[in-house]
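Enquirer: Each chain, written out:
Number of protein chains: 2
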Amino acid sequence: MAQANTERVLADLYELRQIGEYKSGVHRPTLSSEDMASREWLCAKLRDIGHEAQIDGIANVFGRAPGDGRVALAGSHIESQNHAGWLDGALGVVYALEAARAVAECPNLSTASAGVDVIAFADEEGHFGGFFGSSSAVGELDEATIDAAQDRSGRGALRDLLAQAGLAGRSRLQIDPARYAGFYEAHIEQGATLEGEGNRIGVVTSIVAIWQYRIVFKGEQNHAGTTSMTRRRDAGRTMMELWRRIEDSFPSVAGEHSVWTVGRTVLEPGDPSIIPGRAEMLFQLRDADPIVLDAMQAKLREIVAEIDSEGQCSAHLEIISQTRPAVMDQTVRGTLVEAATAIAPDHWRMMPSGAGHDAQLIQPHVPSAMLFVPSIGGISHHWSENTLDEDIKLGAAIYVDAISRLLSR
Amino acid sequence: MAQANTERVLADLYELRQIGEYKSGVHRPTLSSEDMASREWLCAKLRDIGHEAQIDGIANVFGRAPGDGRVALAGSHIESQNHAGWLDGALGVVYALEAARAVAECPNLSTASAGVDVIAFADEEGHFGGFFGSSSAVGELDEATIDAAQDRSGRGALRDLLAQAGLAGRSRLQIDPARYAGFYEAHIEQGATLEGEGNRIGVVTSIVAIWQYRIVFKGEQNHAGTTSMTRRRDAGRTMMELWRRIEDSFPSVAGEHSVWTVGRTVLEPGDPSIIPGRAEMLFQLRDADPIVLDAMQAKLREIVAEIDSEGQCSAHLEIISQTRPAVMDQTVRGTLVEAATAIAPDHWRMMPSGAGHDAQLIQPHVPSAMLFVPSIGGISHHWSENTLDEDIKLGAAIYVDAISRLLSR
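Note that the protein sequences, when read in sequence, are chains A and S. Residue numbering for the first sequence follows the numbering used here, starting at 1 and increasing by one per position. Residue numbering for the second sequence follows the numbering used here, starting at 1 and increasing by one per position.
Calculated directly from the structure, the hints in this document are not laboratory data. Heads up, some of the hints might be wrong.
Each pair may be met inside one copy or between any two copies, as identical chains are not told apart.
Said to hold, decoys possible - In the SDA-like style, the derived pairs of lysine to any residue whose C-alpha atoms are separated by at most 20 angstroms in a straight line are: (1) LYS218 to GLY377; (2) LYS218 to SER171; (3) LYS218 to ASN82; (4) LYS393 to ARG47; (5) LYS218 to SER309; (6) LYS218 to ILE379; (7) LYS218 to HIS382; (8) LYS393 to ALA11; (9) LYS23 to SER273; (10) LYS299 to MET229; (11) LYS218 to VAL266; (12) LYS218 to PRO325; (13) LYS23 to GLY377.
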């Protein structure tokens with residue numbers, strides 16, 4: 001069986017953190033010079049162990065193991081949010097690197113031509129839209145989408161940044177599902193469930209679906225001094241009324257792990273002395289269970305129709321996006337369960353992932369599984385994000401053990 | 001008695017509308033070339049009837065009648081909101097011009113050296129903050145405030161625009177309360193009360209006070225997927241909860257004419273996948289009765305303290321501004337009542353002004369009164385704002401008759 005060298009994992013993570021270091025975190029937005037340096041760093045590490053490594057036309061790093069026996073695919077993303085944490089993404093990439101090394105160093109597995117291909121996807125963090133790297137790797141990203149993509153922080157068009165990074169003209173590579181026995185992605189939890197319970201490892205059962213909506217309210221813009229309360233058609237007030245009904249009624253239709261969020265509201269024109277004639281809210285819900293998702297959406301539609309029919313202001317529901325929940329593969333996930341049970345009995349649990357991950361794109365093509373390590377204080381997307389060294393090491397040990405189990409079958 | 005030439009009033013209003021014409025309204029922001037042209041237009045009209053007319057260092061137009069017997073002050077503002085109505089402000093200026101002319105043409109009054117001084121205040125519309133002209137005219141505007149003022153549409157600093165308009169270095173004139181028997185301001189209603197009742201004239205009892213607040217909520221910014229509903233400290237949700245309590249409880253403490261408005265809300269950071277860590281709302285209330293104002297504020301304070309003590313997120317109330325209600329002078333207002341009763345019996349009413357007006361600044365110095373004409377559909381601050389010609393003419397007749405009554409005493 002292959003075994004992780006957990007000190008090496010920590011050393012690699014510390015080294016990688018130096019690229020784009022920001023306070024105790026990193027600033028490595030997709031295609032920045034720091035991001036590209038981190039991808040080159042990974043390629044060099046992979047070549048050291050005999051992998052054929054390259055950066056493709058969308059900035060995905062592909063590292064192919066020499067053997068063509070039983071092979072696992074492993075990885076995550078390597079870029080960060082702006083001025084964010086050192087582990088989000090990087091942890092999963094370094095675990096994958098360690099698995100590739102540990103398998104290469106394991107006489108039984110290497111004799112059997114088993115191996116671990118390593119992948120670092122581009123832009124899971126959504127500087128240009130999200131999941132471009134994993135979408136491309138499974139053949140679901142078209143050129144028109146790339147043409148249209150702009151950096152959300154104003155750095156410019158994706159095409160221009162690809163050119164500046166020297167990637168224009170390179171072909172985009174796709175993974176070959178037939179080659180792989182399974183895909184593994186490790187990630188920080190980004191929540192506080194594990195920490196709150198004293199658990200150290202989470203084995204992901206499914207990645208939640210994210211359903212996003214825009215709700216637009218139209219009333220009558222008017223003078224806030226001369227328009228009596230009874231004559232008003234206040235779009236803002238109608239928005240508040242809808243919001244209160246959501247908060248009042250969702251607990252009765254939601255599941256145990258459901259979450260819902262109003263992330264943005266806009267009143268127009270936004271002047272203190274003008275009754276808003278238009279209002280807009282962005283609403284999002286997440287769950288892994290299609291039945292619960294449908295129930296929440298039905299309730300939302302019901303509330304919007306109710307408000308709209310009351311006639312004070314119109315209310316219109318628009319679906320922005322609806323991902324599908326990704327149920328993790330039973331066999332691949334099973335290896336994580338076996339490894340966790342063997343190495344950290346009583347300190348792990350199964351749990352859904354409330355955040356989206358590259359694995360949800362890969363799962364329909366290659367049977368996938370995910371491993372979580374705790375986030376201190378539940379903090380993520382901030383430079384202060386962190387995980388105890390002991391938990392990082394424990395996660396690496398279980399991760400490599402699980403892959404080794406899959407490749408030994 | 002002096003009498004309005006109502007055809008002349010309409011002709012002047014049509015002429016004035018051509019300056020900065022926009023669709024059926026006008027675009028004459030304070031100190032724009034169109035605004036300055038309208039001020040020059042007024043000066044010329046005033047000089048035609050023997051007034052000494054000038055534009056002062058803050059762009060107020062002062063037109064001084066030749067006599068120094070019994071004198072009334074009359075006027076309003078002449079600039080407009082951006083791309084807004086042709087009558088808001090302009091109506092009151094042209095009525096004042098007509099009163100000055102009618103009094104000058106009236107043998108009895110001119111022999112008695114009675115007269116009407118005409119004033120067109122600068123920036124009642126608040127391109128630079130609001131009421132700068134009338135504040136200056138009563139000695140309540142300091143140089144530091146002018147130094148700091150910026151155009152809210154991005155045209156630049158007030159100082160620079162005063163220089164471009166050729167007004168830098170001119171002194172700012174103040175009105176001499178001892179000279180005046182009263183101040184008259186006519187204005188469009190900007191609401192739909194008169195129209196809704198079939199009334200054609202409003203005599204203002206008082207101008208409401210406007211109390212403005214900022215309420216800031218602080219919670220914990222977090223991931224909208226990985227933070228369970230029970231662990232959240234969602235500043236946006238707390239803001240909604242406060243808003244609902246305002247709407248639920250204010251009807252029980254408010255007066256018959258009270259209005260309250262949430263004009264702006266901000267959730268930070270405003271990302272659909274991030275639980276807002278900070279939220280802010282701008283809240284405004286208006287009433288003419290100090291007791292009602294105090295009761296509404298006490299209720300607001302109570303709700304904010306309640307929400308804050310519930311501990312989910314902090315809530316903090318900040319007072320942005322609190323004007324005082326301006327009760328119109330009984331004698332001056334009495335002349336409007338007499339004139340309305342004589343000319344339009346059964347077609348006028350007394351009413352508070354829900355909007356702020358220059359008269360609220362003048363009233364503490366010169367006894368003041370206001371006359372309203374109906375706004376079609378209650379529309380104002382929009383180019384489609386309008387008033388029936390017949391109502392414009394009726395208003396002018398009553399306005400001039402009232403001033404004539406005051407000057408004849």
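Enquirer: Need the list of violated hint numbers for this structure, in ascending order.
Expert: 2, 3, 4, 9, 12
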